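Heads up: the protein sequence lines correspond to chains Z and G, in order.
Read in this note's numbering, the first sequence has 218 at position 192, and its numbers run on one by one without any break.
Read in this note's numbering, the second sequence has 374 at position 348, and its numbers run on one by one without any break.
The set of hints was computed from the structure by calculation and includes no laboratory data.
No experiment lies behind these values; they were computed from the predicted model shown.
Think of the CB as a built atom: it goes at the ideal place given N, C-alpha and C, for glycine as much as any other residue.
A couple of the hints might just be wrong.
Claimed, not checked - Residues on chain G that point at chain Z, a partial pick, calculated with CB under 8 Å: (1) Leu62; (2) Ala63; (3) Gly67; (4) Val68; (5) Arg71; (6) Leu96; (7) Gly99; (8) Ala100; (9) Phe370; (10) Ser380; (11) Glu383.
Unchecked claim - Covered stretches of chain Z (in silico footprint by chain G; criterion: 3 or more residues with CB under 8 Å from a CB of chain G, positions within the stretch not fixed): (12) 106-113; (13) 350-361.
2 protein chains.
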Amino acid sequence: MFRFEIKATCGSARTGVLATSHGEVHTPAFVAVGTLASVKGVTPRHLKEVGTQIIIANTYHLHLQPGEDLVEGAGGLHRFMGWDGPLMTDSGGFQIFSHGAGKEHGVGKIASIFPEEPDRGGHLRKKPGKSLVTVDEDGVDFISYLDGSRHRFTPENVIEIQAKLGTDIILPLDECTSPLHGREYTISAMERTHRWAVRALEAFSKYGKPHQSLLGIVQGGAFEDLRKESAEFVSQQGFSGFAIGGSLGKSKRDMHNVLDWTVPNLPQQKPRHLLGIGEVEDIFEAVKRGVDTFDCVSPTRMARTGTLLSYGHPRHRLHILNSRFRRDYSPVEPDCPCYTCRNFTRAYLRHLFSAREPTAIVLATIHNLSFMERLMEQIRLSIARGNLEQLMKRWGFDSLHNGT
Amino acid sequence: MFRFEIKATCGSARTGVLATSHGEVHTPAFVAVGTLASVKGVTPRHLKEVGTQIIIANTYHLHLQPGEDLVEGAGGLHRFMGWDGPLMTDSGGFQIFSHGAGKEHGVGKIASIFPEEPDRGGHLRKKPGKSLVTVDEDGVDFISYLDGSRHRFTPENVIEIQAKLGTDIILPLDECTSPLHGREYTISAMERTHRWAVRALEAFSKYGKPHQSLLGIVQGGAFEDLRKESAEFVSQQGFSGFAIGGSLGKSKRDMHNVLDWTVPNLPQQKPRHLLGIGEVEDIFEAVKRGVDTFDCVSPTRMARTGTLLSYGHPRHRLHILNSRFRRDYSPVEPDCPCYTCRNFTRAYLRHLFSAREPTAIVLATIHNLSFMERLMEQIRLSIARGNLEQLMKRWGFDSLHNGT
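Okay, chain Z solo, but in the shape it has when bound:
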């Protein structure tokens, strides 16, 4: 089951409901990142409580550990990780990128921000700059960052792996180009990704579970004509919805351009996911341009280092280790209904981070995820009421909206 219904629009922004076999997702929605079958530091019960609607895990990481067969043996990823709500998996395309060309170029999704490996930089023992990946027409060879073992992904086996995982929304294998790749390479990677998309759909018709849906991924780097071409091509296949992947350019402005070139060329009635983006400002800019869902490690990763999301602070962030919170006996956010804000003070959280107590991560992650859900709820309401612009202004993003 996969149904997407738009309830209201506000300019290009829309609010609606995405129905999966494991429940509904009210959009625009933040997708919590549970790369390795766990949202780091919290339990599914915490997630339900803060209002998390959907989690994204990672095919590449789960293939390496614990392996899709073990997860299938557990009854699928939902049962394995104890999450009965909607669940999606990224294909591993971005990991090809970050261990391959991204590593060669030393860049990430947006050239200036290098995405670390999820908490396991120490495990990556290869010489920096050496690609662990070889792409050919049929698929991609890569070396496990865990133990150096060799693996191969093809458009077909990536679908088979995700069929075993049993996640509700799955993604095809794609090749992510780096912001530093030239036009020529970006074209050839995009065209290969398109051929892989067709093969993925074919494989999905064979291996996909009845409850699963496959999204198409739009590539094309930061080139206007390529993004349009890719959006049009992917739109014409039989995908249930779309994900915007790959290089988003060298600046936030480039990212906005990529969205402007891509989204209008996707069918109105199908959902649009933006891969790996989820800072507050970026969410507003993407929602405004018609994106429905986002996933990003940022809220949970920031939580683990004591950066707490809090409305009204610079960039809506509060660095709890700052000494001015030493005797601050107020909650992180006074009006936040999360367990952390209802029971603990900034002074206590600062103490826990300062003393490196593991509970710090639990409490901070609960709050940051609660913050994201409350933000998304405000965004959904503002679209329904037709005042998204005012909400953005209230959050301090009016100049950005007009200017960049």
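Got chain Z sorted already, so can you dock chain G onto it with the hints?
What follows is chain G alone, placed relative to chain Z:
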């Protein structure tokens, strides 16, 4: 308020209720360790759910960070850490020991087991073997393991600090001798501890909060006459109950002897706490000898390295990283009602530990604490029913009971 009522006995073992201003503790009880105002990896809500009745924090650690004034400003330790149940604090005597003579001798409470500092070995940058502590008649000077700053504890200020923390059950400053200390030093330390006990009671009458109770600490190392002397001396002061501290000898057998020499010389009607002991076997042996409460880092510390308590496994422990749990889709303990066992499999926990996911610690700690509560509940019931011996036999401790 502090009331202790014995409900039933079985040999020297007893079961009863310890009533504090923050609630009742059914004894024998396991006291969860929350050294730095947090039980590592879990929240007070998790603790309530598994049935934790009482937590012990540490005066020494909280004095160094965040400081008792900051905790007092928060409204006391209960409010600071969000725990409204009974709360006790150890005085810091053991820390004098482990940073002082224990460090010189390279030994802990029982000579063969060196108690690590709580998760912060890396912070202890002093040359191993060099004592950070100087004891004199009036008190003790020590250097912070955090920043090298100088501090002084006296019997009086340790009471003042705990008055600020506002914990329900507090302990006087004592000097813990090492199992390798000779008789002569053990005598002089014990006698000083006795003089400090008198001063602590005096200070308590001045600074203690109405809801607080002060326990006396029995010292005397592994010497029969000294333990008796100490128990008798401490019994004659005005303490609300007693704690058995210091060196428990060089083996489990020595520990049993220390209890045999100590407990019968304490008043029947007052509660007895055994400091820093809490492995399953030790709990049975201590309960059998009339101990009412225990605290120990072992269940929570083991949880953090993937050692899960599970009835019937060797030593009732299961090392989740063992490859035989790779595809074990059963819970850690099939009959355990904890959140972890109700929702997750051994295979999943093994995956989380293997992938170093922080949620591993949360789930493992919940289970180990639940295990301890269920064990204590069984012990309480067996005492009430007069069949503690049978329970010990069922847990595989009959030979130990008869032999060592």
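Structure-based check of each hint:
1. Leu62: holds, 5 Å
2. Ala63: holds, 7 Å
3. Gly67: Given a least distance of 4 Å, the restraint on Gly67 of chain G holds.
4. Val68: With Cβ-Cβ at 6 Å, under 8 Å, it holds.
5. Arg71: Nearest chain Z Cβ about 7 Å off; hint holds.
6. Leu96: holds, 6 Å
7. Gly99: Since chain Z brings a Cβ to about 6 Å from Gly99 of chain G, closer than 8 Å, the hint holds.
8. Ala100: Holds, because the Cβ-Cβ distance from Ala100 of chain G to chain Z comes to roughly 6 Å (cut-off 8 Å).
9. Phe370: holds, 6 Å
10. Ser380: With a closest approach of 6 Å, the Ser380 of chain G hint holds.
11. Glu383: Holds - the Cβ of Glu383 of chain G comes within 8 Å of chain Z, reaching about 5 Å at its closest.
12. 106-113: Per the Cβ count (3), the hint holds.
13. 350-361: holds (count 3)
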